[in-house]
Every structure is written in C-alpha cells, then in structure tokens.
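Chain residues, written in single-letter form:
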Amino acid sequence: MKFYCSILTLIFCSIYIFSFGQRSAYYDALYLKSQYDIIKSLRAEPANKELFNYYFGKLSDDALEDSIAKNPFLKDYYQPEHAQGLFSEAIQKGASSLGSLNVTNIADGIAQFLIKRGKEELNVAFFDRMKKFLDDPNHPECKTLFPVTIEFLSSIETYRYAELIQSLREAFNKDLSNLITNVNQLIDHPKYKKILKDFPEIRAAVRTSKIVSELSQSEEGILPDSLIHELATLPEWNEINSNLSNSLKFLDILSQSIRYLPVEKAFDTASNTISMKDTILYSRKIDTTIAGRTIRDTTIHYNVISERTIKHSEIKAVDIKDNVKQRWVKLSDLNKAFKDSITLKIFIGLLYEKIKSETIQFTADNATIKADQWLDSNANTIFVISGLIENFAIQVNEVDRAIKDFKDKRNNGTLNNDDYYTYISKAINLTEYGFKVANIIKENVINDEYIIMARNSNELYKNIYTKNYNNAVMNVYAILNQVFNKLPKSTNISEARRNALKSLGLKSETIEKILKYGNFMASVVKAESGEEVAKALEAAALPAGSYSVKQKSAFNISVNGYIGYGFDFNGGLYARGIYAPVGFSINRGTRKKWGSTFSAFVGLIDVGSIATYRLENGATEKLKQEVRLESIFSPSAQLIVEPIRGFPLAIAAGWKRTPKLFYSDKTSFIAVPPTNVFNLSVLIDIPMFTIVNKTFDKK
Amino acid sequence: MIQARVLIPLNIRTGTPEILPNNNTGDKFYNPGDVVEIAEAVIGVNYKENSIWYKLVDGGFVWSGGVAGTNEINASFASTLYYPWMLNLKIPDIWEFSKGRGVGIGVIDTGINLNNKDIEFNKTDFYIYNTSQSLQDSFGHGTHCAALIGARNINGKFIGVAPESNLYICKFSESGSLSDSEAIRYADAINWCTSNKNIHIISISWGGRLRDQQIKQKVEEAINTAIANNKVIICSIGDASQDNDSSKRYPACFDNAIGIGSIPVPGKLFSFLNEHLITITDGLDIASYRHDNDKLITMSGTSQSTAIVAGLVALIIKKMNFIYTPIQIKKMLTDFSETKQILGKPMPCLSGQKLIDFFKN
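Chains as they are written, first to last, in my numbering: chain A, 195 to 893; chain B, 518 to 878.
It cannot be assumed that every hint is accurate.
[Claimed, not checked] Calculated lysine-lysine pairs in the PhoX-like style (CA-CA distance at most 25 Å, straight line):
#1 B/LYS812 - A/LYS234
#2 B/LYS812 - B/LYS565
#3 B/LYS848 - B/LYS836
#4 A/LYS252 - A/LYS564
#5 A/LYS243 - B/LYS785
#6 B/LYS765 - A/LYS264
#7 B/LYS862 - A/LYS252
#8 A/LYS252 - B/LYS765
#9 A/LYS234 - B/LYS765
#10 A/LYS243 - B/LYS862
[As the list claims (entries may be wrong)] So, partial list: chain A residues that the calculated Cβ filter (under 7 Å) puts toward chain B:
#11 SER235
#12 GLU239
#13 GLN273
If you are wondering where the hints come from, they were derived from the structure by calculation, not from laboratory data.
Ideal placement from N, C-alpha and C gives every residue a C-beta, glycine not left out.
Using the sequences plus the hints, can you model the full thing?
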C-alpha cells in the first residue's frame, strides 16, 4: 500500500518532467513546411527518411506516400507527381539540429522527492507496518529496504517510540536516502518477485525508482524529458488503469512534439561540424526564425562537397551566446509558426501519426475511442486541436519560466519555499492538463477519483517539497481514502483491480489511523521546542469522545490517560488525592447498548502525585519541588470498569507504586521515598493512542 | 602551383573571376614578362571566348588569355575546370567529337530562366501548360536541368553536356509537384514534343505514381506515339528515400521510356531500383544554373542524372548523324554501362571510357 501511494505520487508528480526522444514535431513540422513551400508536396527523401520513419514507421516510399495521402491533416499537402532531385543545397541551406537538453537540477529534485516521499511514509504510521513486517518472516525483504530502521526498531521497546521518535526518524531518513539502491537490491529477492507479479503498482514503483536511479547515475544526471518518457512507457500503468497509461503517453507525445532542441549539441566540438546523421538540414532563409534561433543563413556555409557537413565557427559561437536552457519551444515561436495554417496542419498530422502508432485509446462507459480517431474527427474543426496544443504550450512555458526562475534564484542564493511552491504549482497544472486532455477526447475517461488522487498526490509532492509535512499527511490520507475506500466502489474500475485493492485489507479505520499517526509524526518532526512537541501530542491525542471507540470494541489496546480522584487503602498520604496516570490499557467492550467496558491498565507515570503530596503535606509547602524522572515514574496495575456506555466515567482499583518526590531549599532536602499502595479511584477516561483495535465481528 | 609568364598587361581581379569596375583593387596588374604563380584554374566570366581564369597563389584572379602556355596549364588543372562527373563521363573529351549541334531536346519541367543568356532555347517554339503563364521558371528545377543539358558557357560560369544542342522548353508545372489530375500534362507536353519534328530527345526529370489510370494510359499512349515518331524519351527513374526500394515512378517505368538513375550515396541519394532502370550516373551535388539569377546551385538526384544522360544522348545522336532509333539508343546506353558493385549489388553504371570509345570510333 505504501508503494501504491508512492507510485501514485511518482506518476502524477513526475509528469512535469519532460520527455526526451529523438525528434520534436514542432521542428519537424517546420522542416516539412519549408519543404512544402518549395516542392508544394510532402515527400520522402534520404534527408527526411528518419523523420518519416519516426512518425509513420519504416515504410517503402509508396507505402509512406499512401499513408501521407490518408492522413487527415497531411493529405492536402501531398502530390503524387514530383520533380526529382531536389534535396540538396536548394532546400537544405539553413540548419537546425537535434540535441539533448542540459543537465538540470531536476535530478536533484527527484532524488529529494524520493527521500521526502519516504519521510511521508514515516508519517503514515510507518512504525506499525514496519514492525509487522519485521515480525513476519514472510517479509524478509524489509531488511533489504530498511536495514537501519529495522536494526533500530529491534533494539528498542515499543513504548519508547515516542521518546525516541527523533532517533527513529533519523533512522528512517538514512534508509530513505538510500531507498533507490535498496529498492533495486530488492528486485532480485525471490519473495519480492512474487509481489511484483501480483501488484503492478509496486512493480511500477520499483521500476520507476530504478529508472530514476539509472538516470541519476548517468554522466548528465537525470534529464527530465527522458524521465517522463521512460515513465510513460512503463507497461505497468496499463495494468493499473489503461486510461491513466494512455493519458501519460498522450502527454508525453505532446511534450515531445514541442520540445526545444538546442543547436549546440549537434556540433562535434572537435571538428566543429554538423553531420547529416545527427542533424536535419532545413531549407532556405525562413529557418533563421525557427524557434527564435539566432542562426542566420548568412553565417552558415554549407559545404556540399565534403560529406554534407556544415563548417563554420560562428555557428557555435552564436549558439553559445544564445545558450537557451528552455525545455520546450517558446510559446511565441510556437504561435508564430502555427499562424501558418499549413505548418499547423503538418504538425498535427505528424502528431496524428505518432499517436496512431502508439495506439492511444481511452475507455469509458463501455466505449473506447482512439486518440487518433478523435483527431481525425476534428480534422475540419482544427481549432479544437490547436487550442489543446496551445493550452499545453502555455502550461509548459509556464513550467519553463518557473524552472528558469527557480534556477536563477538558486544560483543567486535567494530561493525560498514560495519559489518551490510556485515551481511545483506550475508543474501540477501541467500534470492535470494530461487528464484534461484525456477527458476532452472522451468524457470521464479519467474519472474524479483519479483526478482527486492526482491532485492529492501532486499536493503531497508539493507539501513534501516545501516541508509542509502536516499537509502532506492530509494528502496521503486523501489518497489512501480515495484508493482503498472510494475507488473500489467506483464503476470505472475492473473487478480484478477491485479485488486486488480489497485484498490489501485496508479499512476506513486504518486509514484514519494513518492520518492520526502521520500528523503526529509530522508535527514531532517539525517541532522545534518542547511546547511544540506538547502541542503535537495534544493534537494527536484522540478527540473528545474517543473513549467510545474502545467501549465499542471487542478488543482494544491503547495508550491511555486518566484523571480523577483516588483513595488509598493504606491510609497514607501518597495515594489520596488527584490521580492522573498514563499507561497502557487493554480494553474489552461490549455489544450491548448500555454494557460496561472492562480494562486492565498498566500505568507508567502519574503526574497527579506531585500535586497531591504538595497539597496534602504542609512540610513541603514552602520547599521548592524538584521534578525528576522519578517524580512521575509510578508503575501501577489497575482493573478498570467503565460502567456506563457512552460516558467516560471509570472506576479503578489496584496497585501502584508512588513516585519518588524531591523537595529542597538552601538548607534542607527532603526525598519522599516511593511506596506500594492499593487504591480505589474515580476517573475520567482520556484515551491517547489506539495501538490495536478490533471491532466486533458483524453477525 | 604552376608558374607562368604574362603575355599582355594583365589586371588582378579580386573576389570573383570576372571583370568588374571595382574588382581591380589598387589597379594592381602584371606587365608582360612578369611571372605569376597559379594556384588553380577556374571557370569565370567569358572574355574574348575564353572563360578560364587562374586563381593566383597570392590571391586574386587573372584571365588565362593573357598568360603563356595555357594549354599545358589548363591540362594540369583539368580536374578543377570541369566537375568530377563531367570528367568521369569524359565529356570534355567527347566534345572533340560532338557537342550536340542540331539535336533538339524537349525539356519537360518547370520552365526556364528567361534572363540567362547562357541558356539558349527556342523562344518561339515552346510548350506551356497554361498560355496565361510565363515560360519563366519560378521554381528552379527546369532551369537547373535545362542548363545541365545545354548551357553554352557564354557567361563563362557553366557549360552543359551538349552546349550546341537546341533546347525546347516545355513548362508543365510552376512548382515541384503535380496533382493526380494535373498529371495529364505529361501527355500534353510529350505530345507537343512529338509534334515538333526538330525535337529528338524528350527529357523528363520528373516522376510520379500516375494514380489516375485513365491519365496513366494517356501518358503511356503519348510516349508510344513519341517513340513511333523516333523521339528518345529519357526519364528520371525517381529518387528513393532509401536503398532497395523497387517502387515504380512514371513515366520512367513505361516500357518505351529510358529510366535513368543516380549512383547511390548512402544516406544521401538513392534511386528506385526496378527493371526499368537502364543506367545510372552521378547525381549528387550537381551544380547548374539557378532560375532567378545567373549563379550556380547544386541539386542532387535522378533529375540531374537524367539531364546529364539526355545531354549525352544528344552528343550520341549528333555523332550518329541523326540516324538512330529510340530502341537503339536505349541499347547503346545499356552497352555503355558497366556493371559495378555498389552497396552490395550490381548496378549498370555509365562508363566514360565506353562512351569515348564510341565517339572515337
């Protein structure tokens, strides 16, 4: 389940990272348009063979021309009769090139994201699940994933969680920072292979982490567009939800289609040349305006003799000066290009072929529509498609700008959380756009559940990124609730998926518990003072009325507090008065409407004795009380009955050992030794944490 | 580098090998008896029927007519005076026997640059698909191919394969493509050529699929009629985007046409390969005239190969004193080809040696 949550987060949050391929439909459309301007027809030639192969697949020239003639957007630009021998200097004078994007700090962001995602896991009651895994010999893989945490958990007692939470958190951090490595080690574990088979979500998570790991280990680090491309091609998405998978693919294709291709990478720095193999040579002077490039035809000498290479030192100099770090084509350039209706149609035509070749389709209400069919149906209302592309371009340009600002500020040392927020918000808008597109193509293919999940996942990413852990916990809660409680009830989910989700056995109360513990831990992690820890505890304590949970439970173990008045049977001073023990309570409720709840309570501390002894003993009245650990350490064993269901009144009787109290002034020191007493108390029940809760079986 | 003695007062021209008011910087010149150091010979502006210029080691150009020993010098620089494809086909050698004088060549294409005096053509007898259109080439392909066939080198910049042939311009398109229905213009243009008794060769550097069967039939009929009227029809076999593509392009793939391909260059130039391919020759980066000025531009493909072969056929027909048949010419082109292993397969490659052997005999 944790992986499910994580992978959802990864899926939806990673979409802002861009795809990387070998081509960009934007440039290809411009190239073909320039060819069309000359020949008045689209045709294959060696120089553009790779271009057509990319969109149409490897076809003979006849088959390719047939495909072009059938393409609803390109058919108007195909003529069957051609002048031969055109592809040379006449149409290949300008230059544009392929290239890879610069390394960005997105890689760092992803790594951080994974680590923080792990922190989020901490917040969703990671202790308990990890402990169970530890105790369960069927889950040896935990030792691979979280070796430090397991070692730590093994060395402490459960009740010390609270006091050791900071140390535990550090242990988690250590493991999570190595999560990618650990996960990849896990892949080979026999037990894990079985899990991989049964749960595509987990499989996808592992594969995603592997991709990130491999990319991050490359010389250039994670190239964001290559990451999204890798993610979009993971087969596991189909097993989760084919619409999800296809919307990712669609978004990936859109992203690739308007990817910015910087020029400088096409150059061999040694020879300062561009070769035909890794560049596309474009035609005529119109290329000088492509994507705002600063290359001018006049600065380029095209040497047709020497193996069709471009040699001119000025080109490189210009590009270095240009040094654009954008990932996508600028909106203004795109708009400029698409003002030309032929270029726009060629662009969409190429997109159409690519989408067709990927077989992107969406299913809803027992009906399926292919994305290319949708494009085809809008061939005469092309503004619908162009609007979709334009909106996407607006989104990616926003992200581009945000990334630029982000990097500038980081370089300037002025980066703050607001900048993170802005950056991620832009990315979120882009993420959601993928689903919007899918829903435009076919209504409701990505239903509300997934959109809500996506938003929550995105918000989660944002909150983790901005270290807003409490909100992150809320996001997790929303995601889990959506996945395990609402999704199985949806009509848009397969029976297999529904059963798979159910088989994970997560119930509403479990998810509620995750919210509670997660919030508590987030607050503790965030706390910078004792007061803040107290507030976190206060917030994490069960709300008023929570006593009723155990009154209605078949079996319940909780960290419990009581406060009330106690009478001691020893006639001594110590046990009479305010009694406020905190400890573990084992409870058994009743089915009956007015039945009683019986509890066995093992107390560890009592904060009431300090006050009681002071109030009752005049000798210590004027002395300064020293509160040591022993002052509140008061083990006790009580049997408690809550006679009235629906009311937190508890009557307790049992043994307790009073705390050791210390009083002093400048001249004297009094130590009140602990003693064993038997007491009877009337108390108010204040449950704090439920550790185990088992409801009555429904009959 | 070759040293040569100057015979007459000789200006040094900068920039380009031509005589301009401002390209004799500082009025630099050589006096008779001076020695110049020549780096290479180039084709420049034609001056007193001589377009060969010498590029000097120290920069600048001098006209070859003012230098002693030009024959020897030119022979030394033959490879730079003529393009490699010309030398491969031994065209300069063939010109000693024939320059195609009197042979009429109909060039069915996109028209001609009316303002290039180097390209002489019959200005009263031409075909145009729409009489309201100008014969002026607005695209470039027609001019490039026509000049390859018959440029006269009056400008001193470029000479065609058959510089003394007669060009007949058949403009059947404004751009580089035709639609299905417009393909009927093939037939119209061929028929016009057929009706012109002065045309011996029809050069068509175009190709297509002729998807309209009725039009396809009419084009084939036009070709058959042309053949019946002793016209040699040289057609581009078509540029393929990859090797080993046997797609058929028409009119080259009609039985009576002669399909011409280019020597393939991996990644750059391929021809369709089928049974209608008669011979191949160079087609990569072939320079010829532009349509909008008198400068040169390179194009690559079977169009250029076709134009070269059309020019060669003009030379052949002249050599044969106009006694020929299309079938005979087709067979000769096959005979003049030698099989070469190119990209792992045997291909009929036009042989300069076989050609010159023919002309010498």
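These are the hints, each one checked on the structure:
no.	hint	in the structure
1	B/LYS812 - A/LYS234	holds (24 Å)
2	B/LYS812 - B/LYS565	holds (21 Å)
3	B/LYS848 - B/LYS836	holds (16 Å)
4	A/LYS252 - A/LYS564	holds (22 Å)
5	A/LYS243 - B/LYS785	holds (10 Å)
6	B/LYS765 - A/LYS264	holds (20 Å)
7	B/LYS862 - A/LYS252	holds (22 Å)
8	A/LYS252 - B/LYS765	holds (18 Å)
9	A/LYS234 - B/LYS765	holds (21 Å)
10	A/LYS243 - B/LYS862	holds (22 Å)
11	SER235	holds (4 Å)
12	GLU239	holds (5 Å)
13	GLN273	holds (3 Å)
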